[in-house]
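Undergrad: The residues making up each chain are set out below.
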Amino acid sequence: MAKVTIDGVEIEVEDGTTILNAARKAGGDIVPPAMCYYSKLKGSGGKCRTCLVKVSAGSAKDPRPMPKLVASCSTPVQDGMVVQNITSPEVLEARKGVVEFLLINHPLDCPICDQAGECHLQDLAFEHGRAKTRYEEERRTFDRIDIGDKIQLHMTRCILCYRCVFTCDQITDKRVHGVLNRGDAAEIGTYIQKAVENDFSGNVIDVCPVGALTDKTFRFKSRVWFVKPMDAQRDCTKCCGKTIVWMYGNEIFRVTARKNKYDEVIDWICNDCRFEKKNVSDWNIEGPTKIERHSVISHNKYQIGTKVNAPKKIGYGNITN
Amino acid sequence: MYSLSKKSKVVVKKEMTWSEKLYLPAIFQGLMITIRHFFKKKATLQYPEQKKEFAAVYRGKHILKRDEQGRENCTACGLCAVSCPAEAITIVAAERQKGEEHLYREEKYAASYEINMLRCIFCGLCEEACPKDAVYLTEELAPASFDRTDFIFGKDKLVQPLGTSAHPKTYKPYKK
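Protein chains in written order, with the numbering used here: chain A, 15 to 335; chain B, 414 to 589.
Excised from the complex, chain A in its bound form (with noise of 0.2 Å):
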């Protein structure tokens, strides 16, 4: 077992555990974002550079500070460490300039893109970023693409996070999709534009942390924040059938994958869930869900909250109990 500091909260955690999960495991604002790192896929992390802290203290037995700013996610924490993450304004610089960096090359067409709303980016560039760009050359560009007949690739709007590599690596026995070129010319892809053709290419549209992958049967039918999210369910021989259903009235308008307080999927659902159920007669609804994530979608949704019984006699000018 380690010992570590984060932000002056001190937490024990197993060896081995990375900075990122140990913050996790403490909770509340000192976890750092993270826009490639996927706790449910192997290998992730270490892309984007968003969850940069600083270690003022190595471990308890060489406490030197370490001299660069290290990624948490790919960092292992050891005993007697301290971290700073926003306590240290080194670090909220630091993300500053990830942030421009990330959205050197993005298009900011948040107006069309669907994903806006829900869009870690966004989030990120409107706690961290700075309101205006100082870039002045051209973006990137590209065609847009079609995986499939149901996900779209927007290229241009892609941070090369390689999570839907990993999530294909994951689902799929051979390698299907991956990343073609290098440095700024890099984009996914999938050889010729060939399908991803496994039950669960789907799940690439929810782990994709903004709107480069989306969902072509939900593809400008609404915005994010009109539409209700259901807890729904329903037998399913493939997957685990248990989904967010996204309603409107009583129309389904999309279907996604449970998520956790920092929007990893629970657990990948079938495209058959995913694509083609989209009655309401398909799904056994539970009730609305409970958004923990930090975003704007948590806004004027239901929250997790303690129930406050009033008190039992209510006066003019007097509360008594």
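Please keep in mind that the hints were generated in silico from the structure rather than gathered at the bench. Glycine residues also receive a C-beta, built at the ideal position from the N, C-alpha and C atoms. Relax, there's no trap hidden among the hints.
Computed list of lysine-lysine pairs in DSS-like fashion (alpha-carbon distance at most 25 Å, straight line):
hint: 1; chain 1: A; residue 1: LYS235; chain 2: B; residue 2: LYS478
hint: 2; chain 1: B; residue 1: LYS511; chain 2: B; residue 2: LYS545
hint: 3; chain 1: A; residue 1: LYS188; chain 2: A; residue 2: LYS61
hint: 4; chain 1: B; residue 1: LYS570; chain 2: A; residue 2: LYS235
hint: 5; chain 1: A; residue 1: LYS164; chain 2: B; residue 2: LYS511
A few chain B positions that, by computed beta-carbon distances, are all more than 10 Å from chain A:
hint: 6; residue: LEU477
hint: 7; residue: MET530
hint: 8; residue: GLU541
hint: 9; residue: THR577
Got chain A sorted already, so can you dock chain B onto it with the hints?
TA: This is chain B only, laid out in the frame that chain A set:
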């Protein structure tokens, strides 16, 4: 009692004098005030022949703007609808097809854009929320009608007519 405005007068009920009992001086005093008003500037206007100039920040009927090339600015992002406190705006989005690039500026456009003028409170929040410079409140008055259905303004009534120019940053109505 202590007077806050210090304008109050103590009323004393006393016997009227002979000239006061005649009432005639008081009547002529009152008539003079009335006659003086005949020569003052009138506060009313002969609407609709005469029209008063609006304040620079007046908010009237909405307009959905086009850009310089005549393409619709609105991309149906739904921010006006979500910001509307009266929930007066309903939008249905559609994808721009090939060959429609001269009609709509962005990949997505509003296939239907409806404002319920009976619900609208002309607060201008839709205008403030719009990221695409599309919706503006003009100086035009929303017309009256006897039928409720007439107050649901669709794109036919809202979109700026082709070949007209509306100043993007002011509330001036478009000129035909």
